[in-house]
Structures are given as C-alpha cells and as structure tokens.
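S.K.: Same order as they appear, the protein sequences are chains A and B.
Heads up: the first sequence begins at 1185 in this note's numbering, then just goes up one per residue.
Heads up: the second sequence begins at 1185 in this note's numbering, then just goes up one per residue.
Mixed in with the good hints, there may be bad ones.
Given that identical chains are not distinguished, each listed pair holds provided it fits within a single copy or across any two copies.
DSS-like cross-link-like pairs, simulated, lysine-lysine; straight-line CA separation at most 30 Å [to be verified]:
hint	residue 1	residue 2
1	K1220	K1496
2	K1326	K1496
3	K1496	K1477
4	K1230	K1376
5	K1557	K1220
6	K1340	K1496
By construction, these hints were calculated from the structure, which means they are not laboratory data.
Protein chains: 2
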Amino acid sequence: LCSYNHQVNALDNGLLRQPPMGWLTWQRFRCVTDCKTYPDTCIGEKLIRTQAQLLVDGGYLAAGYQYIIIDDCWLNTTRAPDGSLQPDNQRFPSGIPALADYVHSLGLKFGIYEDYGTETCAGYPGILGHLEQDAKTFASWKVDYLKLDGCNADIKDFDTGYPAMEQALNSTGFPIAYSCSWPAYQEFSKIKPNYTAIAQTCNLWRNWADIDDSWGSVYSIAQWFGDNQDRLSPFHGPGHWNDPDMIVIGNFGLSPGQSRAQMALWSIMAAPLILSVDLRTISDWARAIILNKNLIAINQDPLGAMGRRILKLDGNVEVWSKPLEDDRVAFVALYPDPYGTPIQVTISLADLGLIRYQDYNFFESFNGDFLGKYHYTDKYSCTINPSGDVHAFYVESAAPTKKFRRH
Amino acid sequence: LCSYNHQVNALDNGLLRQPPMGWLTWQRFRCVTDCKTYPDTCIGEKLIRTQAQLLVDGGYLAAGYQYIIIDDCWLNTTRAPDGSLQPDNQRFPSGIPALADYVHSLGLKFGIYEDYGTETCAGYPGILGHLEQDAKTFASWKVDYLKLDGCNADIKDFDTGYPAMEQALNSTGFPIAYSCSWPAYQEFSKIKPNYTAIAQTCNLWRNWADIDDSWGSVYSIAQWFGDNQDRLSPFHGPGHWNDPDMIVIGNFGLSPGQSRAQMALWSIMAAPLILSVDLRTISDWARAIILNKNLIAINQDPLGAMGRRILKLDGNVEVWSKPLEDDRVAFVALYPDPYGTPIQVTISLADLGLIRYQDYNFFESFNGDFLGKYHYTDKYSCTINPSGDVHAFYVESAAPTKKFRRH
C-alpha cells in the first residue's frame, strides 16, 4: 500500500464520496426522554425541527453540514402490531415520515439510529429478526442515513449481520448511507476486525470509544487513531470512512484552543464531521471554528486521505500530516502539555516529508495567512499554545501547476 | 470546633486578613529563561513591569488583585561575593529594588519566591544557611510577600525551618506576608502536618499538588480539599489560609464553564486568588470571570470561612457551602460529568443547611439575579451545565437585619 489514493474493493452505493458532515443528537442531547423536566432538550420532533432549521439559518448547511441524524431513544418501547418500528408517539406525534419530509424540505438529509441486537443501547427494540422489514421501513420513510449500533448482540454475529443489513438496505433501492459500529465492539473485545469486509459493507464505521465532552476524551481518541493508523488508513477513502466519533465543539468541556484542536485533527484525519451541539446556544467562537472554510476544505479534500501522525517531539508535541489534491499537504502540530507556556518547535522540511528539491509556501490553515517560503533544506519554526491547542498549516509547491482554492 | 468563626492561635503579623489576591508568574510563564527564543515571556523585569502595568490598567488592582509575585527562576545561579542573593542580571538589569519600587509606584505590592532548601526547584540558590541574611535582603528590597518552596531540603527540617524563617522575617521589622509550601511536601510524603504550628507561622500555605492548566488538575485539587476539609478548615481564617494554588483562568486549558467553576470553587473555599495569566492576551470572557465582583466578595468575605463540600448527588453533582457575614450563605453546585446534557437537581433547603423556620431569598452569584423566595420546608431546583460547569448562588434571610452589599 504505497499510495494514499489506494482504493480497497469497497461498498459502492455512490454515497459519501467525501466524509459525511452533519449533526447528531447523541453527545449533546443523549437519551433525554423526560419532556416535562426538559421540554426544550428531550429527544423528539420539536428538537429535530428546531435544530434542522438552525442548521440552515446558521449557515451550517451552506458550509456542508447536510445530515441531521436522530440517535438512540426515538423509538417506542414496542414494535407496532404488524412488527414494524414506530417512534415514541408522545415525542414524535407527527410521525417519522412527516419529520423526514420537513428535513428534506429544508435541503437537509435525514438520518436515524438503530441497533443490530435485540435492543438498542438504551433498551428500545433492535433490528435482530426484522432486518428486511426495518430496511423497508427506513426506505419508505426516506431515511438517508442509518447509524447501526451493536449493543445487546453477539459480537461474533457482526461479520455476517452487518453485511446482511447492508443487503437489506440495498434491496430497497433507496440510497441509505450506512454507519456501522461493527469494528468498535470488536476492537474493545480484542477481536481483529475484518476492515476489508467492513469497507465493502459500510460507508463509515465507528472504530473506538464513544466521545464525550472533555479534552481527555478527544485527545485519547486522536491518540488511538494515531497509534493504529497503519492498519486503519488503507481502508479510508471516498465512500468508506473510519469514524473517530462526533465533533463536540460548542458544548461545555473544551476550551477554545482544544476546540480548534478537535476541528484540526478531525479535518486532517478526513473524519466524518458530525456535530452534536445545541445550535440555539452555541457561542460565536465555537461556531466560527465549526464553519471554518479552510479546515472543512482540508477535511473534504477529494483525495480522501486519512492523515497520519508523522512526528513526536519534545513536550509531547505531535505533528500530523495529510496529502491534499493539487500537490498540497496539510499539517497539524498539537501541544497537549498543560504546563503553562507556549512551546517553540523547529522541524526540518525533510521531517515534514517535504523532500523535493524545491521551495514550498507555508500558510496558516485557520485564516489562510502566508507564513513564508521555505527551501526543502530549511527548517520550519512555529510556536504552539499548550493544553491541547494546535498550530495548523498547509504547504504548497512554490511553483504550483494549478490554481488553489483558498478561502 | 463548632463555629466557622473559630480562631486558632495564629501568626499575627497583621497581614492578609482576607485571602490574598494577586498575580504570580509560575503557571503561565514557568521557568522560561531563554529571552532570545521567548523575548516577551521570559522571566525578567520587562515581563513583570508589563504585567504590573496591566494589573492596574485592566482594573485588576481595583478589583483587589494587589500582589505581583515573581516565582522561581529570577535568581542568578550563584550568590554574590558577600553571600547575598542576586537576580539574573541579564533578565533583571535594573535590579530587584528598582523593580519593587516600580511595582509600589503603581499601588501594587511586590512578592518574590525562594526555597527553604539548598536549591530552588529549578536549581537556583536556596536559603538554607542564609536565613537571616536573606530575610534582611528581602526587607531591604521592600519585598511584601515571600513564597518559600520546599525543594532540595529534608522535609523533617520543615517543622523548625519554616518557623525559623518566620522569625528572621519578623526580625527585620518589615511586614512580609509569608507563603509556605511546608505542608504540601508533608502531605505528599504521608507525614501529618502540624497545621496548628503552620497557621501560627505562615499567612498561607500550599497543601497539595501544583495546579496546571487543565480541568483535570483543577477538579482533582478541589476534590482533595473537599475530602480533607474537616482537618483543614479549622486552621483557615483571617491572616492564615489554606492555599489550593493558582487561578489558571485565562490560559489555554479551561472552557468558559470550567473557568466559572474554578472561580466559584476558589471563592467558596476562601482560597487565595493568585492569577497566573498573560494579561496582554486574556480574553474578555476570562477577564470578566476573574473580575466578577460578587464572586470576589464571597471570596473576601470578612468571616474568612473555608467553604465545605456538603452534598454529593446524582451525576457526581456536588454542592459546596460557605457562610458569609450578615447571615448569608454562598453555594456552588458543580456538575463534572462530561455526558452531554445539563442536569436538573432538586435539593431540600434542609439539605442545604437552611433550617431556620423562615423564608430565604435566593440569588445567582455571578450576576446577582433574584432566583426566588423559598420557605425552609421547600425544595430548590436548578439546572447545571455538565463538563465542569457550576450553578453558583447565595442565600439571605427574607427578613434581613442588615443591608446587603450586592453588586
């Protein structure tokens, strides 16, 4: 596997040629079903309609955040008499088709959650024994995206079960992006996932821990992906993506610098950018990070390469790198130590992998500022704030062959 | 010990009748001595003068932040030929007396760091063998505050050594607030500190771990003080304070909610409010938290009571309480779990310790908003954001006997 463009033999339902971007209920709204105590945040059609409208009005859809996805806790505790899935009718009184239609009317796509097992993680009916029926239900509701979790199931069944659901979805004829939790349960159980089969079956797949609203969680997940990049990156590309879980920016646990770090790292990993935040109360600074055009362009770069952690330096500084189209490369230098002072690091261009006999132009990624021209024998110095902040930059040949789309 | 007003037989140099407020180099600027690489942040007179001016211009002094303190790494690597301490003369070319005069000319007080042992923690000359000479030097320089660390020393000597330095300081006749690291080293070595002696010797003392710029650090330190409050609070009061270490707000590692939490918890602990932040670049929101008049008033309340963690509730929510003058009580409810959604908690006034047969008025602490009148048999409900945010409130009798100083 010598090229970032390498294509595995993968699922080709034509969907998600770029990492999916959207919004999901889980991290921010969890399984709040008590609408009496929490009328504005309980999982229900009111919440989804409100957030969908804000995805449009706040400029998120225009920036690429297209999917709005309901995670666990939308279901009724029992199936309908005919065995079909049904939502909780107190919280979804208009039904799912009407909600999906509303979402579609805004120009968004509609996603929903289910679970491969007997019950979802929160205890609602799972799809086991109803794969074809449920696939047809989702298609009839015009569900554009299915997140299929793996609670309350036998992990040994996943290698046949997740493909069986993919067949059932395909058979409906309605294009449904397919997000699998298949390898996440296997990785946690020390079972080696068959990523070849997973990439042939799923458009994206959760590999590791659920994220939560803390820097410790964000950082540890990024480290896991760095530690396992050699075996994950070959399966990552247009239509089939490793998924380090949601963007938690805009909630309560990340500082501004740590928020920049998650956006920069998820962009360089070409990870799905699935927000989970209350768009009614998000701060201006968090919104600006989420909507940063340059970072999104790095994430959505057509090559679809999963960035790699290429260097570890003093102070636990690490450098990640991702090749972009038009012969450009994006970098992120992260400084996690919480010991007060920014650090200055000096890195040879050779160590950055910039080894052609030429000059390179450096640009800061968040704002596009020109940082200087460097010869391939030079060293690049930058200062990085501590406690999880990043310096993000991208590099292009100083004698480019194409025009760049800079924002 | 049945009263918060209980006074131990304590040091009475007349200083620090309220918890000290000020600014210290350590957390933000550490031991940066390379002024070539870091010209704007290395430890030296230029940095101190700049920050001192900003303490005044930014309104910090007016809010009570009065001390500006140089931590480790100001010293020359050797003593002068006559054995006296001397600063690094590259970084302090004008000398310490001129710097102290400048600080005093701004209306601030001047503090400095030394170490009881043979060397400071960073390897500069310690005071061992020079106690009287160094005390005289500090007095001659008009040092108002001495932080005396405990690196490179025999911890067994602290019970005599720290009092010996107090005697040397007292003998100078110049009033010097005395900050001791004495019990911190003992607590870490599982030696039971003699807090009676410590409170008779020191104006404040570090009890536990050095803080760093992360929520994990802030939270774990607060937990340690809660876990040990029964044995610490009797020694806490006007002129003698337990010290959970610096305020790290305004740096890189805390979210806005976590910053509110540190300010609220340190205020309710009546902890020293010693900032360590670059006042040139602090954000408006962080500055507003640091300068919050109501929180500062809770911290500086004349009773000087160390607040206590009184309740642990679902979701690891904890409630802290601190009695204030004029029969008021301040509370903080902290919700550390990083699992997405705010939590609503309902607490009986009895569980808050509000047990008189009367009504109470509740006010939000940060902004002073009236939250309602509650009868002593009522329950109080509030919603707390997760990931380390707090709900801070204070309560007064609904039939007060004095006028309150609300801001």
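S.K.: State for each hint whether it applies.
M.R.: Evaluation of the provided hints:
1. Proximity of K1220 and K1496 under a CA criterion of 30 Å is satisfied inter-copy only: 24 Å between copies versus 50 Å inside one chain copy.
2. Proximity of K1326 to K1496 under the C-alpha cut-off of 30 Å is found in neither arrangement, the shortest distances being 46 Å within a copy and 46 Å between copies.
3. When the C-alpha separation of K1496 and K1477 is checked against a cutoff of 30 Å, the pair qualifies only within one copy, where the shortest distance is 28 Å, while the shortest distance between copies is 44 Å.
4. Taking the shortest Cα distances, K1230 and K1376 never come within 30 Å of each other, neither inside one copy (41 Å) nor across copies (58 Å).
5. When the C-alpha separation of K1557 and K1220 is checked against a cutoff of 30 Å, the pair qualifies only between copies, where the shortest distance is 23 Å, while the shortest distance within a copy is 60 Å.
6. In this homomeric assembly, K1340 and K1496 never come within 30 Å of each other (Cα to Cα): the closest approach is 37 Å inside a single copy and 41 Å across copies.
Checked against the numbered hints above, the structure violates hints 2, 4 and 6; every other hint is satisfied.
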